[in-house]
Amino acid sequence: MVDSSMTETGTSAPRAGPAYAGWIGKITNSGLYSATVGLIANSTRARLILLLAVPLTWIVVLHVGPIYQMARISLLDNYPPAAEGPVYTLDNYRLFFQEPLYFLPFVRSLIFAAVVTVAALVVTYPVAYYVAKIIKPQNRTRALLLLLIPFWAGEIIRTFSVIMLLANRGAVNVLLREIGFIDRPIPLLYNYFSLGFGVIYLIALYMLLPLYSAIEKIPPQLIDAAADLGAGPFQRFRRVILPLSKDGIVSGCSLVYLTSIGVFAAPLLLGGPNSVIFPEIIASLFHGSSDKWPEGAAFSILMLVVSLSTVGLFMRVAGGRSVRLM
Amino acid sequence: MRHYFSDAPKTALQASYWVFVIYLLLPLTLMTAMSFKDANFIAFPIGDWTLGWYAKVVQDKQFLEASGYSIFIALMTTIFATIMGVWIALLISAEGIWGRAAIFALACLPAVVPGLINAISMRIFIRVLDIPTGTGAIILGHTVHAVPFVVIMVLTRLRSMPNNLIDAARDLGADSFIAFIRITIPFLAPALVGGMIFCVLTSIDDFVRTFFLGGYQPTLPMLIFAKVQGGMSPEINAMATLVLIVTAAVGLYAEHFTRRSRT
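From first to last, the protein sequence lines stand for chains A and B. Mapping to my numbering: the first sequence position 223 is 223, numbers consecutive. To get my numbering, take the position in the second sequence, counting from 1, and add 326.
Hints in this document: simulated from the structure, not taken from any laboratory. It is possible that some hints are incorrect.
Residues from chain A that face chain B, not an exhaustive set, calculated with beta carbons under 8 Å [unchecked claim]:
(1) LEU62
(2) GLN69
(3) VAL127
(4) GLY154
(5) PHE160
(6) LEU165
(7) ALA171
(8) GLY196
(9) VAL240
(10) ALA265
(11) SER284
(12) PHE286
(13) VAL305
Per the computed footprint, the stretches of chain A lying under chain B, defined by three or more beta-carbons under 8 Å from a beta-carbon of chain B, are [to be verified]:
(14) 135-149
(15) 294-302
Yeah, the Cβ is synthetic: ideal placement off N, Cα and C, and Gly gets one too.
Can you make the complete structure from the sequences, with help from the hints?
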């Protein structure tokens, strides 16, 4: 319907479009424009190709390409491949299952991410509910902003600030010693506690925001109706609020699980020798002096497949119809 | 009596909110407070206060260079990611596109892949293609990571755009390029600003991709990381506090802007 009007103006050469003032006019009136962009803009097929070609190339090369290359190298016996040509093998994957040094940290990582996810859910749910339902609407933005501020500090800065709190001469230990509760500092840093504390600190808002937007959508009349029908606070929560916020729970948990399984800086700064998790091991295969890229690639693929399929399975089982990751 | 009892859950929720706020703000507050400590080591209590660390930081050549480098990378990332993000979003929202869901899923892939895996796959990718590590590789890595978020923000905004706006422009004689420049881009402006600020902030904050893709020149997070590993000093606190204030100000502005344009 639009194209008919376009061909009409197109036949009366030179182009008799509307005259534009300013820089747009300068561009559209130039011969170069009608020879290039104008031509493309007036041809449906050229427009479609222009619209398709660049983004599709980008997605295929840069979104899929790296994962493909990682998968390919994970099957090589050596990287860079020997001169006679690449030899494909499954040894790198076999190594993972045979060597507890790799296998155990992987399991530890999965458990760690699951614990962090559940902890973040439990910690942020009441907060999200409070902001979404109890605070007066005019104060809601301010209450949310207060929670968003730390989010804008980077990963490293937030991790570093956790050290201030938990170090041997950090705030917690000094406070406890001042009030005479302890004689010598409790080792709060460089173990699972500090790692969990720090990772939840990093990712809590990925849980909070989906929860908030799901809870906010629950019509208050439903909660009132349940109360009128005699449901107590706990029953209202379990029978009305919780099922209706399921979408938020599912997407929040997925997001937090995927993020916390891939945290890298926090374990380096907050973890100790006893809390080595899988990301550190993968990284060491790439950064060490020995070149173990095929092993590293295989482990990365395993981690990717397991984490994505865990989340996929979780979404399927928990069954949010309209689950979106963002 | 009954009245008090029914208020108990509300009070508990309110308490949980404030406890959470304290949990979020306390570490950063302590970090900031420590940057004013007049001593060479980090420990409580603070004792004497000074601004000396800030004076030292703003004259620190390493810090200034890393800041400039980080900002440069963030700006490049923002330009490329915004162009690509809008382009992909337009493709996905185009009429009669086959396999829309698949394209959308692949466009979002870098956002759902865990950060470390994302960085490693990109490291492998550039080695296969013989691209050296360094500035270009960092910008590429950051851009690929940022594109999905731009796509999602732009798509959300595009969905609320009335179809007849473009038709009207075309009926008035604009070709599709002009219609894009004069109608689509201004309509997308809030999403674009939001997306661009998001790109800047994620790029400046990024550690894991820069760690794998970077060369010898450190970005801000790399510099702070190296200093934290090398030993604590209130100088790091001053540095981190400066970065925190700037990024929080940018973030607050973004929040303000998108909120205002939404109403």
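Which of the numbered hints are not met once you compare them with the structure shown?
The structure breaks hints 8, 9, 11 and 13; every other hint is satisfied.
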